[in-house]
Amino acid sequence: MTIALTETQAVRRHPSVAELFVGFLQLGLIGFGGVLPLARRMTVEQRRWLTGEEFTELLSLCQFLPGGNIINMSVAIGLKFRGMTGAFACALGLIAAPSTIVIALGVVYDRFQDDPHIRHLFAGLAAAAAALLVSTAIKIAAPLRNEPIGIAIASLCFVAIAVLRLLLLPTMLVLAPISALATLRFA
Amino acid sequence: MPSLLIALALLFSQLSLIAFGGGNAILPEMERRWSTSITG
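Chains as they are written, first to last, in this note's numbering: chain A, 131 to 317; chain B, 215 to 254.
Among the clues, some could well be false.
As a list, the in silico DMTMM-like pairs of lysine to aspartate or glutamate whose alpha-carbon atoms are at most 25 Å apart [as the list claims (entries may be wrong)]:
(1) A/Lys210 to A/Glu149
(2) A/Lys269 to B/Glu245
(3) A/Lys210 to B/Glu245
Taking CB as the label site, the calculated pair distances span [as the list claims (entries may be wrong)]:
(4) B/Leu225 to A/Leu314: 32 to 42 Å
(5) B/Ser249 to A/Gly236: 15 to 25 Å
(6) A/Leu311 to B/Ser249: 31 to 41 Å
(7) A/Leu311 to B/Ile232: 20 to 30 Å
(8) B/Gly235 to A/Leu235: 24 to 34 Å
(9) B/Pro242 to A/Leu274: 15 to 25 Å
(10) B/Leu224 to A/Val232: 31 to 41 Å
What the hints contain is simulated information worked out from the structure, not anything from laboratory work.
All C-beta atoms in this analysis are idealised placements derived from N, C-alpha and C, irrespective of residue type, glycine included.
Start from the sequences and build out the full structure, keeping to the hints where you can.
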């Protein structure tokens with residue numbers, strides 16, 4: 131066990147700012163449909179910048195904070211190794227390629243949006259994106275199947291946002307404390 | 215154009231502040247505010 135730990139520590143590396151930028155640039159290029167699983171593989175398994183526990187701890191913190199989880203995660207990882215410079219390098223690396231691609235696609239769409247082929251292409255992409263969202267919602271909801279309180283809160287939130295079209299912030303401010311209290315009281 | 219850019223920056227700064235749990239959480243709010251504040 132001691133030997134294994136020593137080996138793990140020995141192969142762990144502290145990445146340079148350039149390595150952080152390139153790593154997250156590559157992640158941004160290949161992360162279709164979500165980057166988090168790929169981020170774990172890169173930072174923990176391939177490059178050994180973090181241990182599995184460190185990754186999970188950082189992810190928990192980043193999920194609790196507002197903003198995109200993976201953006202928060204990239205900033206946290208960059209900050210951990212190279213301070214503010216590292217944080218900017220990671221965030222910039224992560225968003226550079228997707229932003230460029232989206233801007234290029236936007237220009238193409240703006241120019242050819244009246245072309246029936248392009249309209250059909252985007253209709254197909256929209257259907258795929260909707261399916262990805264439904265799939266994510268099912269994955270997120272699955273752990274709640276044996277928790278009636280969780281199901282009730284999730285259903286209330288769905289009705290408030292999707293049916294009654296209430297604002298997200300007040301809905302969260304009301305439902306989050308109710309959910310916490312109900313879980314403490316009945317769970 | 216500058217006012218539109220400012221409106222977009224304000225819209226997405228507000229949305230990022232309430233995006234607890236990730237970007238998917240704010241998609242309905244983004245759609246609603248987009249249709250009322252930007253295109254509406």
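Taken at face value, is the distance from the CA of A/Glu149 to the CA of A/Lys210 at most 25 Å?
-> Roughly 14 Å separates the two Cα atoms, so the pair holds.
Supplied distance hint 20 to 30 Å, evaluated on CB atoms of A/Leu311 and B/Ile232 = Holds - the Cβ-Cβ distance for A/Leu311 and B/Ile232, about 21 Å, lies within 20 to 30 Å.
If you check the beta carbons of B/Gly235 and A/Leu235, does the distance land in 24 to 34 Å?
-> Holds, since B/Gly235 and A/Leu235 (Cβ atoms, about 27 Å apart) stay within the stated range.
Between A/Leu311 and B/Ser249, does the C-beta distance stay in 31 to 41 Å?
-> holds (34 Å)
Taking the beta carbons of B/Pro242 and A/Leu274, is their distance inside 15 to 25 Å?
-> Cβ of B/Pro242 to Cβ of A/Leu274: about 19 Å, so the range 15 to 25 Å holds.
Taken at face value, is the distance from the CA of B/Glu245 to the CA of A/Lys269 at most 25 Å?
-> Holds. A/Lys269 to B/Glu245 sits at ~22 Å (cutoff 25 Å).
Starting from A/Lys210, check that the Cα of B/Glu245 is at most 25 Å away, please.
-> violated (35 Å)
For B/Ser249 and A/Gly236, compare the CB-CB distance with the range 15 to 25 Å and indicate the outcome.
-> Taking Cβ atoms as reference, B/Ser249 and A/Gly236 lie about 19 Å apart, which means the hint holds.
Cβ separation of B/Leu225 and A/Leu314, checked against the hinted range 32 to 42 Å | Since B/Leu225 and A/Leu314 have Cβ atoms about 36 Å apart, the given range 32 to 42 Å holds.
Distance restraint evaluation - B/Leu224, A/Val232, Cβ atoms, bounds 31 to 41 Å = 20 Å Cβ-Cβ, so the 31 to 41 Å window is violated.
Figure legend: structure checked against the earlier numbered hints; hints not met, in rising order: 3, 10.
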